[in-house]
Amino acid sequence: MSLFCTLLILGACPSFGCPNLIADSKKGPLVDTINATIEKDSLTNDSAVVQFLPIDRDRSLFTDRNPQSISLPSEDIAHYPAVSLQQYLKDQAVGLYIQESSGEPGTIQPMFIRGLPMPILSQKEVYQSQPLVVLDGIPLISEHPFAYDIQQYDFNRIGPATNLLSNIDMNNIASVQVLKDLAGTAIYGPLGANGVIAITTKQPSPTRKISFNSYVGIAQRPTVTTINGAYENNFRRQFYDRYTASGQYSADDTYPLYLSDSLNTAYYGSSNWTDNYYQNGLVYSADADISGGGDRANFRFAVGHMQNRGVADETGLKRYSALFNINMKPLEWLLFSAMINGNRVQRDRNRTLRDRFATMSYIPDLASPLSPNNDIYRGYLQQFDNSFDNNATNIVEGHAKLVFDFNRLKVTSRVAVDYNEGYRDLFYPRTLMEENSYASNYYGYNQRLLFDNHLSYDVDLGAQHTLYLEAGSTLQWDAFKYNYAYAYKGINDFIKINLLESDPDNLDYLVPQAFPSQLVYKFLDYTKQNLVSFYGRGSYNFNDKYTASLLLRSDGSSNAQPTSRWLFAPVLSLGWNIKNDLMGDDATFSTFNLRASAGRMGRLNVFDNFSQGPSYSAQLSYTGNVVAPGYNGFGVLARPYEFGWSGYGIPWAYTDQLNIGLDMGLADERIRINLDWYTKHDKNQLLGIPSYAEYGYNLSYEAGMDVNNTGVELQLSADVIQRSEGRFSWTPTLAVSYNQNKLTALPGGLDEIVIGNRLFRVGERIDQFWLLQNEGIYLTDAEIPIIGGIPQHFNGIALRAGDPRWVDTNGDNAITDVDKSLIGNIFPKVAGGFMNQFSYGNWSLDANFYFNIGRNVLNADMANRFDFINREGTTNMNSVKEITFWEKRGDYSQYPLYNPWSNVIPYRADQDLFLENGSFVKLRTLSVGYDLSDLLKGRSSTIERLYIYCSGHNLFTLSPYTGRDPELVDYMGYDTGYGMPIPRTYTLGIRMNL
Amino acid sequence: MIMNKYTTNRLVTTSTLCIGVLVAFTLLLSGCKKMLDVDSSRIVGEKYMWNSLEDTRAALMGTYGLMRAALADHNAHWLYGDVRAGEFASPNRQDLRAIIANDLTASYPSLEALSNWRRWYAVINSANIFLERVPEVREKDLRYSVNNMTVDIAQIRFLRAFAYFYMVRIWGDVPLIISSHDGSFENKPRENQDKVLAWAEQEMLAAALDLPYRYSASDEQQQGDYYNEDSGRWDGALARKLTAYAVLAHLAAWQGNYPDAANYSKFVLDDYARAGMGYISTGHLTDANGFFFNKKTNQLFGFAFDWGHVDASFTGHIEELTLAEPVVNKQIPDIYLPKDSIITIFNEAGDERFALDTLGTPVSERYFSNYNGKYPIFSKIKCIMGGVNDPSFRIFTSAIVFTRLEDITLLRAEALAVLGERQGAINLLNEIRTRRGLDPYNEDINGDLINTIFLERQRELMGEGHRWYDLVRYNRIRPSHPMIGQLITNGGILWPVSRALLTQNDQLTQNAYWQ
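If you read the protein sequences in the order shown, they are chains A and B. Oh and the first sequence: position 377 is 377 in the numbering used here, straight run, nothing missing. Oh and the second sequence: position 204 is 204 in the numbering used here, straight run, nothing missing.
The hints are simulated quantities; they were obtained by calculation from the structure and are not laboratory data. Hints may be right or wrong, so weigh each one.
Cross-link-like lysine-lysine pairs, in silico, DSS-like; alpha carbons within 25 Å at most [to be verified]:
1. A:Lys-528 with B:Lys-34
2. A:Lys-742 with A:Lys-124
3. A:Lys-481 with A:Lys-522
4. A:Lys-683 with A:Lys-829
5. A:Lys-528 with B:Lys-33
6. A:Lys-124 with A:Lys-579
7. A:Lys-481 with B:Lys-34
8. B:Lys-140 with B:Lys-47
9. B:Lys-47 with A:Lys-528
10. A:Lys-209 with A:Lys-124
11. A:Lys-496 with A:Lys-545
12. A:Lys-124 with A:Lys-528
13. A:Lys-209 with A:Lys-829
14. A:Lys-481 with B:Lys-140
15. A:Lys-124 with A:Lys-481
Computed, partial: chain B to chain A, Cβ under 7 Å [claimed, not checked]:
16. Ile-43
17. Gly-45
18. Pro-91
19. Tyr-213
20. Asn-289
21. Trp-307
22. Thr-315
23. Leu-502
We put the CB at the ideal spot given by N, CA and C, even for glycine.
Input sequences plus hints: build the corresponding full structure.
In C-alpha cells:
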C-alpha cells in the first residue's frame with residue numbers, strides 16, 4: 001500500500017482541496033476592510049498564498065456554483081459567545097437546522113441540512129444524518145455511535161461526550177460556507193451526502209499583522225418558580241379527593257413518605273435549592289494571532305483560550321486552542337502549505353441523577369427524592385467534593401499539501417489527518433450512593449487519515465471558451481476505538497481509581513486491587529471504515545454566459561458488501577448568467593444567475609455489520625442488563641438477535657438531488673436575493689424493520705426506504721438605507737427556509753410500519769408524532785359508549801369513569817394503536833433568521849432574530865408530573881426525580897383530572913393532550929459596537945483598527961409553548977425537562993488589529 | 001535562464017507524470033480491493049464461524065445464554081410463574097398489579113415484553129442453526145469428536161424442545177419452526193399446542209438418550225473432559241440426562257398425562273445419586289451462598305449468574321422483586337406476601353422454612369424477614385453479590401432454577417396421588433416434609449393428600465416460578481379457585497400474544513380470551 005501511495009504523490013490531486021473562498025458577501029462597512037485586505041493579498045503575483053491558487057481560476061469561471069449561504073461575515077458571527085460551531089451558525093445559514101437541546105456548554109448539538117434524510121429513532125440515525133464539516137479541506141471525523149451498544153440508556157455516549165465541533169474558534173475563520181446542493185457537495189463524496197459545512201481558516205499574509213480579540217461576559221442566572229412538598233402534596237391531593245374515599249386507592253396503595261409528613265422541613269420547608277443550582281456563569285475568550293513572513297514563505301499563528309460557564313449545576317467548558325498555517329513557495333512551480341489546528345476541551349458536566357445513574361447502569365432506591373431545601377441540597381452537593389468527573393478531549397487536525405503548478409496543469413497532493421481523543425475519569429464516593437463507590441475510565445479516539453491527489457488542466461480553447469478538467473482520487477482510512485472500564489464498590493473512598501496489580505510476576509497480575517474483581521466490567525471496541533474515491537470533473541464556460549460542469553465519481557466503501565462495493569455517481573451542474581446573456585445594460589438587475597444541479601451521491605453504511613452478511617456476535621443481553629458477558633465464563637457467539645438480521649444483497653444507499661437556484665442583485669447589488677428550490681430523495685436506505693420474531697430477530701435490516709425532502713430557501717438582503725446617503729445605514733437580511741419531508745417507500749413494499757412508539761406511513765412525513773387524540777374525560781361510567789353490551793375498551797381494558805375520552809377513529813369501540821393518529825411534526829416546517837445591521841457613524845448595532853414556525857413539542861415533562869402514580873416507588877429511570885422536580889414549569893390547570901391509578905395510564909405521553917405548538921421567535925443577538933479606529937488614527941500608528949462592542953444574547957423568546965424554552969427538546973421531539981436553559985448572556989468585547 | 005530551467009523541468013515532469021499516473025492507477029485499483037476488504041473486529045462473519053470446536057462451544061453456550069436472557073428479561077420467569085398466581089401483592093408497581101389482576105393487555109413495557117415470544121425464538125433459531133451447521137465443524141476440526149458432537153446436539157435439541165414447552169405453557173399454540181430458514185424467513189401460523197408438545201416430548205426423549213448424567217465425570221456417554229474443562233466448570237451449568245427427564249415429567253403433568261409424569265419423574269428419583277445430586281437442607285436452600293448461589297449440581301436445570309464470572313446482575317433475579325429493607329437498601333419491595341397469606345400457607349409448627357413460635361414471632365428469618373413490618377420481605381432467595389448479607393448494593397447472583405430434586409419429588413407425589421398410589425405419594429411427600437422439620441403426613445391433621453402435596457409445593461417452591469402452573473394443574477384436577485377455574489375453561493390461562501407480533505406476522509391470531 002505504502003509503495004503506491006508514494007508513487008501517487010507524483011500523479012496526484014486534492015479533492016477536498018477546493019475550499020471556496022467566495023467571500024461571504026461583505027456588507028458591514030467595518031468588515032470590508034479586513035476581508036478586502038485578505039482578498040487582495042491572495043491575488044498578489046508570485047505570493048505564497050497557495051491556498052487559493054488552484055481555486056482561483058475555478059472561482060472566476062464558475063461563480064454561480066456556490067451562492068452565498070451564510071447571512072453574516074464570520075467576524076460578526078464571532079460576537080456570539082459560542083462554544084460550538086453549531087451555536088455560531090444556528091441563525092446564520094438558511095437550510096441548516098440546529099437542535100440545541102440543552103444549554104449545558106459543550107453538549108452535542110445535531111445538525112440537519114435540508115431536512116431529515118431518514119426517520120430519527122436513536123442516536124445512530126442522528127449520527128447518520130449529520131452534515132460533513134470540512135476545515136480547510138479536511139473532512140472532520142465525528143464520534144462513532146458503536147459505543148451505544150453497551151449502553152442501557154442513550155442519553156449520552158460513554159466518554160466525555162463533548163461536542164467535537166467545539167474546536168472552531170470563529171476568529172480564525174475567514175469564511176464559512178454551507179453547501180447544500182450537489183453542485184457544491186459532490187466533490188466531497190459520500191461523506192457529504194447530508195450536506196457540507198466548509199470552513200476556511202484565515203490565511204497568512206506576507207506582511208506582519210497582529211490581531212487580538214477578546215470578550216468577557218456573564219451568563220445570567222435564570223429566574224424560576226420553585227415549589228415544595230406542600231405544593232406537590234396539594235397537587236396530588238386533588239386526585240385522591242376525587243378518586244379515593246379514604247385517601248387510599250387500594251389496600252396496597254402507599255402514599256410516598258416524603259409527602260406524608262407535613263412537619264418534615266426537608267420537603268415541606270422552604271424551597272430555595274435554586275441558590276445552589278442556578279448561578280451566573282462567567283464567559284470569556286481571548287485570542288491573538290500573528291501572521292507574517294515574506295512573499296515566498298509566510299505563516300499565521302493563532303492561540304486562544306475560551307471559557308463558558310453554564311448557568312446551572314456548575315457546568316462549564318474550557319478550551320485552549322492553537323492554529324498554525326504556513327505557506328511556502330520554494331520554487332516557481334512548487335507550493336507547499338500546511339495547517340495544524342489543535343484544541344483541548346475540558347468540560348464540567350452536569351450532575352443530574354439521571355446521567356449519573358445511566359453512567360453507573362444502576363438505579364438506587366428512589367423513594368426519597370432530593371430535598372428542595374437549600375441547606376440539605378448543599379449537603380448533598382458537598383459529597384461531590386470527594387468525587388471527580390474529568391472530561392477532556394484533544395482535537396487535532398492538520399494537513400500538508402504540495403501543489404505543482406505548471407501553469408495550466410496543476411497537481412496537488414495532500415496528506416490530512418483528523419484525530420481526536422476523549423478521556424473521562426470518573427469517581428463517585430460511597431456517600432453519594434448508598435455506600436457504593438463507582439469508578440470508571442474511558443479513553444477513545446476517532447481517527448481519519450486521508451491521502452488525496454488532484455490534477456487539473458486548464459484547456460486553452462480561445463478567449464470565449466473555458467474548459468477546466470479535473471481528476472482526483474481519495475484514499476481515506478477511518479478508525480474508531482474505545483477502552484472503557486467501570487467498577488463498583490471500592491474498598492474505601494481514598495483510592496479513587498481502579499487499581500490493577502502491576503507486577504507481571506505476581507500471580508494476581510492485572511487483577512483489580514481496590515475494587516472487587518467480580519464487579520469490574522471492561523470493554524473495548526474497535527471499528528474501521530475505509531473509503532476509496534475516484535472522480536473526474538469537466539467544467540465548461542462560454543463567454544461568461546453559460547456554464548456546464550459534469551462530475552463523475554466512483555466510491556468504494558469497506559462497509560458496503562463485497563458484491564456491491566462501488567457506486568458510480570454522476571452530478572451535472574448548469575449555470576446561466578442571464579445578466580450577461582440577455583440584459584447587458586439593464587439597470588434594474590446587476591446580477592441575474594440561474595443555477596441548476598442534479599445528480600446522485602452515495603450514502604455510507606455506518607456499521608461494518610452490513611458489509612459482512614449474516615454474522616454472529618456476543619449479545620446475550622436482556623432488558624436492564626445489556627452487557628451480559630458470556631455464559632458459564634465462556635465467550636459466546638449467536639446471531640445478533642437484538643441488533644437485528646442483516647443478510648446479503650445490501651446495496652448502496654444514495655441520494656438523488658435536484659436543485660434550482662436563482663441569484664439576483666438589484667439596483668447595483670443594493671438588494672441581493674438567493675432563491676433555491678430543491679428536492680432531495682434519499683433512496684435505498686436501510687431500515688430496521690421489526691420482523692422475523694419467530695426467528696428470534698428484533699429487527700431485520702432491509703434496504704429500500706426512500707425519503708423525500710423538498711423545500712425552498714430564500715436569502716434576501718437589502719441595503720435599505722445606505723451609508724452614502726448619510727451617516728446612517730440599515731441592512732436587514734432575511735434567511736428563511738421551508739422544508740417538507742415525505743416517506744416515499746418502505747422496504748419490501750410495506751405501506752406502513754410501527755417502530756417503537758412511532759408509525760411511519762408511506763406518503764406521510766417521517767417526523768410525525770403518533771398519538772391518541774384526547775377529547776376530555778369520562779366523568780361517569782354512564783358516559784362510556786357501550787356497543788353490543790361491551791363498554792369501550794382500551795387495549796382490552798374496560799374504560800371507567802375518570803379515564804380519558806380518546807377518539808375511536810375506526811369506530812370499533814376499542815381504543816388501540818389503530819386509533820392513534822399521525823399528528824404534528826418534530827422538525828420545523830419553516831426556520832430561519834432575521835438579521836439587522838444598523839450603523840451610524842462609527843456606531844453599529846446588530847439585532848438578530850431566530851425563528852422556527854410549524855413545529856410541535858411533546859411536553860413529556862408535564863406528562864411525567866401527572867403520571868406520578870406510575871413514577872412513585874418504582875426503580876426505573878422514569879421515576880428519577882431531579883432537583884428540578886421542585887420547579888414549577890408550565891400550566892397545570894389546562895389538563896383534566898384523570899384517575900391516575902387507572903391501568904389505561906391516562907397521563908400517557910403518547911396522546912395529543914401533551915402536544916403543543918413549538919413555534920418560536922428569539923432575539924438571539926443584540927449587539928452595539930463602536931469603531932475607535934478613526935479616533936486612534938492620529939495618535940497611534942500601531943493600531944490599525946480597534947472596535948469595541950457590547951452584546952446581549954438570547955434576550956427573549958416568544959412562543960405559544962407553555963413549558964420552558966421550546967428549543968429544549970430531544971431528537972424525538974420530547975421536552976423531557978432535562979435540557980438546561982440556554983442562558984441569557986451579556987458580553988463586552990474588543991477587537992484589535994495591529 | 002530561470003525560464004529555461006523551468007520549461008525543461010516542466011516537460012520532463014509532465015511526461016513522467018503521465019506514466020506515473022498510469023502506473024499508480026493500476027497499482028491503486030489492486031490495492032483498493034485490499035483496502036476495502038476490512039474484516040469486522042466487532043462481529044464474526046460467516047466465513048469465520050463453524051470452523052473449530054471453539055465455535056461450537058461458543059454457539060452452545062450462546063444458546064444457553066439466550067435461554068437465560070429469555071427467562072430473565074423483565075424477570076419473566078417469576079412474573080409468569082409467581083406474580084400471576086395472584087398471591088403476592090405489589091405496593092407500587094402498577095404493571096405487576098395489572099398482572100396480579102389478570103389485566104395482561106395493560107399497556108406497560110413489561111407486559112408488552114412478556115407477551116412477546118421473540119426471545120424464546122432466538123433460542124430456537126440459535127439451536128436450529130447449530131443443528132444445521134455443526135457437521136461442518138466435525139469435518140474441519142479433528143479435535144471435535146463424534147461423542148462431543150453427539151452430546152452437543154443432544155443439549156441443543158433439548159434446549160429447543162424446552163423452549164417450545166415453556167412457550168406452550170404461556171401462549172398455547174405457537175408456530176413450530178424447526179429449521180433456521182436463514183435469509184429466507186417466512187411467517188408461519190401457530191401450530192396446535194398438542195402437536196407442539198408431542199414433538200417436544202419426542203425431542204426431549206431423543207436428547208435424553210444421548211445426554212450424560214454429568215460432564216467431565218467419566219460418564220459413559222461423555223468421556224474425557226468436556227471441552228477440556230473439568231467437572232467443576234460444568235456441574236450444574238448444562239442440561240443433563242436427568243434434566244431432560246425432569247422437564248419431561250413437567251411436560252407430561254402439564255398435559256394431564258400423569259402416568260407419563262410418574263414414569264419420567266421415577267427416572268430422576270431413581271438415578272439422582274448417579275448424577276451427583278441429593279436432597280438439600282433448609283439451611284442450604286435459604287443461605288445467601290447456598291443452593292441458589294452460582295451454579296450447583298443440585299440445580300437440576302438452572303441458569304447461573306456466576307459471581308466469579310462477573311455475571312452478577314441487577315435484574316433477572318427474584319431478589320429484584322422481593323427484597324427490600326432490611327435485606328437490601330430499598331424502602332418498599334416490588335412484591336410481598338401479605339402476613340395473612342403467610343400464616344395460612346405456613347400453618348404447621350416446626351417448619352424450618354417459616355413458623356411462628358407460641359408468642360407469634362417467627363422462629364427464623366429463612367423465608368421471611370421483617371415479618372412484623374408493614375411489608376414482610378420474602379427473602380428465601382437472597383444471593384447478594386458474592387453470597388453476602390450486605391444490603392448496600394442490589395446486584396444479585398442467584399441462578400434461575402427451573403427444577404430441582406425436591407420439585408420432581410413432589411411432582412411425582414402429585415402424579416402418584418392422582419393415579420391413586422397413595423402410599424407412594426405419601427412417602428415422597430414425607431421425603432420433603434421431614435427434611436423441612438415437619439412431621440410425616442397425617443391425613444387427620446393435614447387433610448386431603450392432594451391438597452397437602454400442592455400446599456407443600458407452594459411452600460417449598462415459592463419464588464421459583466412454579467406457583468401459577470401448579471394452580472392451573474390443581475384446578476384442572478379440582479376446580480376450586482373461582483378465577484382460575486374459569487380461566488382454564490375459556491383459555492384465559494394463556495397470555496395474550498403481543499400486538500407487535502401480530503403486526504409483524506399476519507398469519508398469527510390473538511388468543512381467543514384476549515381478543
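Structure-based check of each hint:
Distance restraint check for A:Lys-528 and B:Lys-34: the Cα-Cα separation of roughly 13 Å lies within the 25 Å cut-off, and the hinted pair is therefore satisfied. Between A:Lys-742 and A:Lys-124, the direct Cα distance comes to roughly 20 Å. Compliance with the 25 Å bound is thereby established for this hinted pair. Restraint check for A:Lys-481 and A:Lys-522: satisfied, since their Cα atoms lie roughly 14 Å apart, inside the 25 Å limit. Simply put, A:Lys-683 and A:Lys-829 have alpha-carbon atoms about 22 Å apart, close enough for the 25 Å limit, and the pair holds.
For the proposed pair A:Lys-528 and B:Lys-33, the alpha carbon gap of about 15 Å is at most 25 Å, so the pair holds. Proposed proximity of A:Lys-124 and A:Lys-579 is contradicted: the alpha carbons are some 46 Å apart, above 25 Å. Using a Cα cut-off of 25 Å, the hinted pair A:Lys-481 and B:Lys-34 holds, with the two alpha carbons roughly 21 Å apart. For the hint linking B:Lys-140 to B:Lys-47, the alpha-carbon distance of about 13 Å falls within 25 Å, and the restraint holds.
As the CA atoms of B:Lys-47 and A:Lys-528 are separated by approximately 19 Å, the hinted pair is consistent with the 25 Å bound. At most 25 Å may separate the alpha-carbon atoms for a hinted pair to count; A:Lys-209 and A:Lys-124 exceed this at roughly 45 Å. With a C-alpha separation of about 70 Å, the suggested pair A:Lys-496 and A:Lys-545 falls outside the 25 Å cut-off, and the hint is violated. A C-alpha spacing of about 17 Å is found between A:Lys-124 and A:Lys-528, which places the hinted pair at or below 25 Å, so the restraint holds.
Taken as a hint, the A:Lys-209 and A:Lys-829 pair is broken in the structure, with Cα atoms around 45 Å apart against an allowance of 25 Å. For a cut-off of 25 Å, the pair hint linking A:Lys-481 to B:Lys-140 is broken: about 33 Å separates their Cα positions. Taking the CA atoms of A:Lys-124 and A:Lys-481, the gap is near 16 Å; set against the 25 Å cutoff, the hint holds. Below 7 Å, beta-carbon pairs count as interface contacts, and B:Ile-43 has one with chain A at about 4 Å; its hint therefore holds.
At its closest, the beta carbon of B:Gly-45 sits 4 Å from a beta carbon of chain A; the interface hint therefore holds under the 7 Å criterion. The interface hint given for B:Pro-91 is met, as the beta carbon of that residue sits about 5 Å from the closest beta carbon of chain A, less than 7 Å. With its C-beta approaching chain A no nearer than about 18 Å, B:Tyr-213 sits outside the 7 Å limit, and its interface hint is violated. For B:Asn-289, the shortest C-beta to C-beta distance to chain A is roughly 13 Å, which exceeds 7 Å, and the interface hint is violated.
Given the 7 Å rule on beta carbons, the hint for B:Trp-307 holds: about 5 Å separates it from the nearest Cβ of chain A. Because the beta carbon of B:Thr-315 sits about 4 Å from the nearest beta carbon in chain A, less than 7 Å, this interface hint is met. Hint status for B:Leu-502: violated, given a least beta-carbon distance of 10 Å to chain A, over 7 Å.
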